[in-house]
Amino acid sequence: MTLTAQIFLKSTVGIKNKGANIKTLLNFLAQETGADKSYGSNKFCFENIEVPKIEYEDSHQKNWNVKESGETLSLNSSKLLIKKVNELKKFNTKPLFKYFLDGSRRTYKVDDVAYGNNIYPIVAGQIGVGCCKRENPDNFTKALINMYNVIVMPNYANASGQKEKLYFNNLLSKINNLEKLQKLNINFDEILTYSKKDKDDLEDLAVAKIQDKMVELEKIIVANLVKEKLLNEDSYLIKDGSLEYKVMKTGNYKELAKIKNNYRHVVGVSKRFNPNLVINKRGKSNASLLADLPLYHRTPAIKYKTDMAGEVYFAIWYVRIRDKKYTNSPFEGILKLEKILVTDNEIKNGLESEEVDNISANIINERNPVCYGSDNRWANHLYPVYLTEKYIKSQYLSDIFFLNLF
Amino acid sequence: MSLIGKVSATEKNPTTIDEFYFWTKPNRILSPFDVVKVENTTTNSITYGVIEEISHITDTPSYLTSYISNDFGDEDYHANTHRIGMNYVKAKVVGNNKNFYIPVNDGAKVSFASEDEITEALGLKDIKNPLVCGYLEMYEYDEDNKKVLPVYLNSHFLVGPEGAHLNISGISGLASKTSYAMFLMKAIQEEYKQRGESVAFVMLNVKGKDLLAIDEINEDLEEKDKDIYKMLGLSDKSFENVSYYYPYSRDNLSNTYQSKEYIDKQKKLNKAYHYKFIYEEDKDNIDLLFSNIDDPTGTMESIINYIISGQGNFNSIEEWDKFLNEVGELCKTGNSRSDKEITVSSWRKFKRVVSKSLNNPIFANRIQTNQKETRIEEVIKNINKNEVKVIDIAKLDENMQGYVFGNVMRAIYDLKLGQYDDERDEKDIPDRIIIFIDELNKYASTDVPKSSPILRQIIDIAERGRSLGIILFSAEQFKSAIHDRVKGNASTHAYGRTNAIEVSKGDYRFISPVYKSMMTRLKQGEYIIQNPIFRSLLNIKFPKPIYKQFKN
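Sequences listed follow chains A and B, in order. Mapping of the first sequence onto this note's numbering: residues 3 to 408, in sequence order. Mapping of the second sequence onto this note's numbering: residues 73 to 624, in sequence order.
Isolated chain B (complex conformation) (with noise of 0.2 Å):
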């Protein structure tokens, strides 16, 4: 046991059952989120604290004083003695082993705890169906204690029963939200599979090449890295079941970022596949092309409902071409088709906002099998225990990648909900089916329209995906951006690095001043995390990816 300093309980800081100060000498580094802990002998028990807040004082009365001491002024002025100064370390109480919750005495002895010590404060001793989702970096400037260990949460809370869907924000870039979702995607398809439980992943890849490649090992992955995963009870494969769904195109290159090669190769594998959207089996999902048009009056919805329920000429319709065709004919002036109620400047616009996406060679006649080509729909309903699809997205127009997100979480709605239920066995379907869908600010902030079919959709896996089996793990840039049923019901959240005017939002309000700037400070690779089953945040890390990536 290393004493690192005495409890000091003061008439204006006393110690209190939730927190307590100690002082430490001046050289002694410590870093917040490191766990100490208190012997309290009257007791006869340990309680533990997390640091919160390190601040160094002298016994200096002013500045004005500093100011004479350097001989009223000198900058270059050394003195014989320095001024005695020693630093006090707030801490937050977060448990005892007994239980006793009384305040911690002056001057009890403050120790580095030993790893089962931390363990064991931080609420991570004997989790049930454990997870690793990171690794504590605990004492990290002092060699002699350092202690380096995983983290687990218990499952049930992350991906249901108990709790469900995660939140992951922070910049862009320096955050690496992608990644760590990823790592943990990884970390349930390895637990899952040994549990012989079963788990499904749809992810949709929303930026360049990102997660084109996930079934692919990282080359570049470092040795220390690879010790990373070893340590965290991980094998060094990638993915596995992963096939990958690209927009349709006719040059194979206008939709998706991924090379003709690369998607060749794939192919070959039995793992590329092509999505089209075909007019019969799709037209009832037009609806998702309007989910950032504001409707205040209902008129789009109005045409939509016309056009789904085959009023008119639609119900004679077979291809996109005949539907813009025949909407462009409502738009004409003097048009004897249309319901009355209709006006013809609302095909107008309704012609607008359909034109441009229906351009897309996305919008086909048929579906041609042995080319490869498949249905969003098709891809979900057929979805087997611990698959992996990757949908890629990320070349579209955001009215098309919201498009293509809507379809693919009313299809698992669907599913689930035993839409299919006469075409599979319910016993092939996977319990646990999670989404992962990056910026998810483009669908479920607070600037989307409330009649946003998206949105209205994402707030109902939020609210009821974890008793249907669906898990959305999500992220996005500025978490106090995005709509508040939405991020409520995430069970596990975790904070990157973001920066000072996000940590300022109303969101943040119950983080600590220390650990806000810290927020703002994280490195790559580091989170703060929030679990139902943790006693405080914690700051954890996680290895580089795995997977193959891709460089820019």
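Looking at chain A on its own, in the form it has when it is part of the complex (with noise of 0.2 Å):
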């Protein structure tokens, strides 16, 4: 990553002192909101300056309870599905995975303002979901996409206290009216906020939104698919990433229920995860295990609830798919798989292992081409996300024109 598309305000502009005509987005939203200070901060794309660094998309499986095992057969070591996965080419049988569902959002730092005597950080971001159709090995093209632009504010900036999913909305409607976006033919499409008193870093939190977001867009791409009876049995969706979503919490046994039966043509598959958090049905760290997993072998399934995500089990179970001696770490080619458990009957006695192998072969099925050379993550990379994360990514506007336009 680079340090381009940073851009520099040359000062900062008291707002008290500003002229109104000129209607830049920031000073219209530090004006509507009443600040005392906009300080026109530097303002940059957060991914473009972090320094990159490995993010498991576990880091939340510290809370993970054991329960047991996640299939109907009691595996003690790994499986070797290489004799499905050669059935699966010999007979032609069509791929399991039509759907292929990728989110990844932008975040920028556009702004600091001062209400009273703190400073809060205002974040804007762009949100990709997207969601990629395979008919045939030549033909892979869009099934939805969803491009969403947001701003973070704290909640305090609604002085008046009023409803704040209303002030926001309103204040969002006034944003879009600005002749710059006009103009540009660009719309914002919310405003999220958060709150000081959640005490962490707030530029963090602000971010957090985001992501939240796109894991909220993530599930209603799902759900349409789902209206629309696109996933079945014969054509099973990859969602890249982790499905333990935090916000299944929140949600009451009805919404929950619903959820569920959303996923159940679904499988999440992660690149990357902590191989310390791998851990064997009796609760024991597997990483070595799982280090000296062969070549297309799968580990037994684990059946796990997380308090994070609510009543909602697990089947966990990992897959090799590169050999070992060409990946740089041993953990590398290897993916971890995820399928929400949905009957009563699943959650009981776990999933069937004959499904667990057709997922799993079909999964190694996937493992070309590669994105060798185009992407570090090319050995837990498979070809179909890659180019939903790729189309995603094209459809960004540009940091810098993003930036410009606060």
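Keep in mind that the hints were calculated from the coordinates and are not lab data.
With a cut-off of at most 30 Å between alpha-carbon atoms, the simulated DSS-like pairs for lysine-lysine come out as follows:
#, chain 1, residue 1, chain 2, residue 2
1, A, Lys182, A, Lys211
2, A, Lys392, B, Lys78
3, B, Lys97, A, Lys91
4, B, Lys355, B, Lys467
5, A, Lys395, B, Lys181
Combine both chains into one complex, guided by the hints.
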């Protein structure tokens, strides 16, 4: 990542002295919310200045409560799937996975404003969630895409104390009516808010809001696919990343049942996971077993329930899709697969081992082509997911353009 | 309008006023030379492009990635998803319907053009003095959009007065150079007759019996070719007013590939003659026998001057035999007759060259007109409007072929310069005389001695023929071997199938690499044409010959 797209404003600008005729988005925001001062801070894209580090997609896994086997057969060791893999190819079985879902976001620090004695960051973001469809090996097209522009503000900006949602929706429509945005035909879709009482780093907090929104949008896409009856036992969806949506815990039982039902034909595939959190069904760390997982083997599936996701059980297992000798670390080439346990029977006995095998074999068959040379995570990437990610990223406004909206 | 893609302007490959790139689906079949149109929204106009290159790319950054993507080298591996790939096409801008020459914008729609638009794009619309020179096939592989349309060029740029001469190049057999020249000449004969303009043709038959029955119809011509002739607006008749001239020989056979019966049949119809060379009339052209002889010191030239000016005993000689005897005498040591400046050894060299040729029965004592005999000069001198004279030289040796060809050119030159004005009414002389000669490399290659009288004659025609009304249609295998002044003066060039070595020569430098490699793959009956009125090179086709084809 580079340090490009850092746009500097020349000086801080006091709102009170500012002529009202220059309606930049930031001026407008500060004015509308009655901010004491807009600092016109350095605008930058978070993704561009952070030192890249491995982000485990299962960092929340710390809270896992180990239960028992996540599948009907109780396996004591890994299982070789090459026979199944070859069978699928030999009989020309249609690939199980037809839809591929990915979400990504770009977040930008756009300003610091003062409300009272406190300084709050204003963060903006572009969220892209998209789903691509594969009809045949040569036909890979867009199924759904949602590009969503957001601004994150402290809830404190609402000075009047009127209903938060109402206030910010009103502000949003005023922003969208700004001449500059109208001219460029750009729309913001939502103003998200963060609250200072969370006491975390406020910028992180704002970024987390955007992340949550992205997850929310992903869920909507899955729900839409289900509504259109596009997902079924012959056409599964691969969702890039974990399925453990923390928002699940807030849902009441009815909503939960519905969400769960939507995920009947969805498999979460995580590229990165913390190997130290891999535990066997007795709750012991099992990182070394995973490191030595042979090619085309899968681990036994384990049933987990996580507090973060509420009353939802997952079957989780790992599959090695690339030979260790070709990768940089023993954990590259291993994918973490997750599936939500939907029926009572599944919750009680785990997934049918046959289904686990079938999903794993199909995942193994997705191993090629690779994005070697264009993405460092090639060993863990599945090409259709990689394409979906590329497609979404191609839809973003450029960082410079986006930052200059403010 | 069927869309085929959109313009893509990238940092590395921007669109310019000369070219643009567009993407298409990988299963879209296009060919080089296809015309595409681009909507130009800024100027509300249409820009036309001709396809020059087609490339296929995927998101594979390296070959290594491809290797890894097949399970590290498993040849039998089939992936569930094929790589995202697409074709991108480089097109050369050939015009804009409103003459706006600004680069087309990124994202502009690219589509197939209609017939009207194709003609407009290629500069083929509203051509004055139209003469059909073949037909175009566009979007050949797209059944719904396939277009076939005749191509016309302005005849004033082919046979004068604006431009003249045609040069056809291509390898033997595969290029069908003769067939194309004949196709064009048939079109000219029909068109000029219709227009009431006068033109005449002199063709030299250099291969087998190729041109020895061009007034007869090709019985084996398929219906589809007949349809093409119809589409091109040409009749299904062969050449008209044709007469054939065979080299005289005593047994009728040794000097031609045509059978005696066939010649007799033609003679009965008053369209076949034998030609001879008579000492008294033709001795002036004896220099033509020396066109391939290096003569750095000019001794041969001195001898020829000595003979032509009638010095020594040459004044009193009337027959070739006596001429040879006289030369023989001069070759003897100690002869007292010759000019002192010409050495005996020079005379011996002269004799060596001429005696072989003069042994041919074509060099005879007199003409028997009742036996349908004539002289080349007579043939040319009396050529009439719309006539076709086919002169057979196929079986003569190379030296003799040059001699006959040289005689033909000199006679035409004299005719057009008014040498025979006292014998002919000027208004009866055809305005234009087209000479067709195959294997031009024998007479005008870069290897031919600079002193060659034939080369001088050809250069003269190439440079001055346009204004005199003498048009040279020439063909050769390798254009690069032809004298610069000859090919440089041709207004129209037709490139048939050739080989890779040839296209690497300087003559082909201006042609884009894709067209060059296309030249090495052209099918029989396909040509790439260059003419001043066309905006770019055109890939045209023409039907099989309409005149009788002798099977070998």
